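Starting from the given sequences, assemble the full structure and let the hints guide the process.
Number of protein chains: 2
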Amino acid sequence: MDIGIIGLGQMGREMAARLIDSGHALTVYNRTAAATQRFRGRARIASSAAEAAGAEVVITMLADDAAVESVWLRQKLIPRGIHVNMATVSLALTRELARAHHQYVAAPVFGRPAAAAKGELDIIAAGPKAAVERCRPLFEALARQVFVAGETPEQAAAVKIARNFLLATVIESLGEAFALVGKAHVSPETFLHILTSTSLAAPVYKSYGRQMVEGAYEPAQFSMELGLKDLELALSAAREKGVVMPTAELIRKNLLDAIAQGNGRKDWTALAEYLGSKGSG
Amino acid sequence: MDIGIIGLGQMGREMAARLIDSGHALTVYNRTAAATQRFRGRARIASSAAEAAGAEVVITMLADDAAVESVWLRQKLIPRGIHVNMATVSLALTRELARAHHQYVAAPVFGRPAAAAKGELDIIAAGPKAAVERCRPLFEALARQVFVAGETPEQAAAVKIARNFLLATVIESLGEAFALVGKAHVSPETFLHILTSTSLAAPVYKSYGRQMVEGAYEPAQFSMELGLKDLELALSAAREKGVVMPTAELIRKNLLDAIAQGNGRKDWTALAEYLGSKGSG
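Protein chains in written order, with my numbering: chain A, 1 to 281; chain B, 1001 to 1281.
None of these hints come from the bench; they were simulated from the model. The structure presented is a predicted model; accordingly, all values stated were derived computationally and were not measured. There are no misleading hints in this set.
Distance condition first, Cα-Cα at most 30 Å in a straight line; then the derived BS3-like pairs of lysine-lysine: (1) B/Lys1206 - A/Lys241; (2) B/Lys1129 - A/Lys183; (3) A/Lys206 - B/Lys1129; (4) A/Lys118 - A/Lys206; (5) A/Lys278 - A/Lys183; (6) A/Lys241 - B/Lys1183; (7) A/Lys229 - B/Lys1278; (8) A/Lys241 - B/Lys1266; (9) A/Lys253 - B/Lys1206; (10) A/Lys241 - B/Lys1278; (11) A/Lys229 - B/Lys1183; (12) B/Lys1253 - B/Lys1241; (13) B/Lys1229 - B/Lys1266; (14) A/Lys253 - B/Lys1278; (15) B/Lys1241 - A/Lys278; (16) B/Lys1229 - B/Lys1076; (17) A/Lys241 - B/Lys1253; (18) B/Lys1241 - B/Lys1229; (19) B/Lys1129 - B/Lys1118; (20) B/Lys1183 - A/Lys253; (21) A/Lys118 - B/Lys1206; (22) B/Lys1278 - B/Lys1206; (23) B/Lys1229 - A/Lys253; (24) B/Lys1206 - B/Lys1229; (25) B/Lys1129 - B/Lys1241; (26) A/Lys76 - A/Lys229; (27) A/Lys129 - B/Lys1206; (28) B/Lys1183 - B/Lys1266; (29) A/Lys229 - B/Lys1206; (30) A/Lys278 - B/Lys1229; (31) A/Lys241 - A/Lys229; (32) A/Lys229 - A/Lys266.
Here is the structure:
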């Protein structure tokens, strides 16, 4: 398949490499040209976003709403074929792109760059049925599992936002619980082992809990600042839909406080360390 | 083993039956005698708590701190051998009983009456090493897994309190997330399937999520009122240890509000329904 990719950040470049390895013909574009070096000789290097947008399917993997807007909406750029946005963006921007583009698929992913490199992402797709089906070969190259959330792009965006909010609640609540059992002289190892051997046996409790036990917060796999962005996406979605999300408000405030104390570049699981440090000693 | 059991409520009676079936000699006591009927001919029916407390090991399975205090502390009752308290009680009461009794083991359980009946509880034990080891045969009759949290009874109580707090955070956060995706017209089934097929694949997300999808809140498996009691145990533990638990405060308030609206007898997962009903429509 003839695929364009706009955005060669940590995720985008691993996805591009994986798609090339899977036999797809790629045109890559990045705002700063240095990131395209790695693809010299393996893909067509586009000199503008418009060039990449001429592909049969164009994927965007950009940092946030502002970056997506600057590529597509400010320039009034229209994709030739299907536009697949795999980044985490707001519901409002999702609706705007769906209105502006002929065939728009929201396909945010669960997983980090290492998973993208191995084709082990989880993809949540939503959009016009035929467009989603047309994208299957590229999803299958990138993903371990593909879920279809519905035919309206906003549905996939909402799933991604709500799930990242749930990850934040795991961090916040584990942080509070570790602080409590620590003061009762329970070994954090023992506590984590008990939790993840019983009804909280989930990959996220295991991995986040492990980071907390080891204090492994730098380098960040997902920074507090990115976490804050995701909480703000949840709150803006809640506001426009008329939903109460008091936990999201609380965690947003705790992340802001921790960032104000100089922790913004640490992994977002370091919120546990920050909560622990707030006790009376 | 010669075992006494004080408290034949929903959990206590299933545990007693299981211990008898496992070949242990039981003496059972309950404040209201009717609950002992089921054990006529199968166990010795004690006419006082003191009689049951004369066993080699005496288990108490009572509703809350007040019930435990009224059996042991008000009457200044002292067990002959090992006292194993399997109920969820406060850290403060745990310390008091550990001071008052020669051999005190805190052994709270994870699991509902049906699991107790099948010997599939998870038991978290803490207390003097020799006493915990002496209890192994009875733990093994009741449990799928036995975890030792340490040699101080308070350690097991803290694990149980912190873990029940984490269960409450799963309910609160899932409730908020379901409300959000619902307003974006995502099927709750699809959302739950995605969550529990990816990094939130834990038994508690599956079971609580299922109850929310089906609105299966009555009869309660664990009521909002019991949930509120457990949040209050977490907050009193946090207060005495000097730990900040803002999520526990938030969920306590939401449970109180939901109970004030007449939902106290519903399952505590009905907090999701209450949170959903608070949106703007």
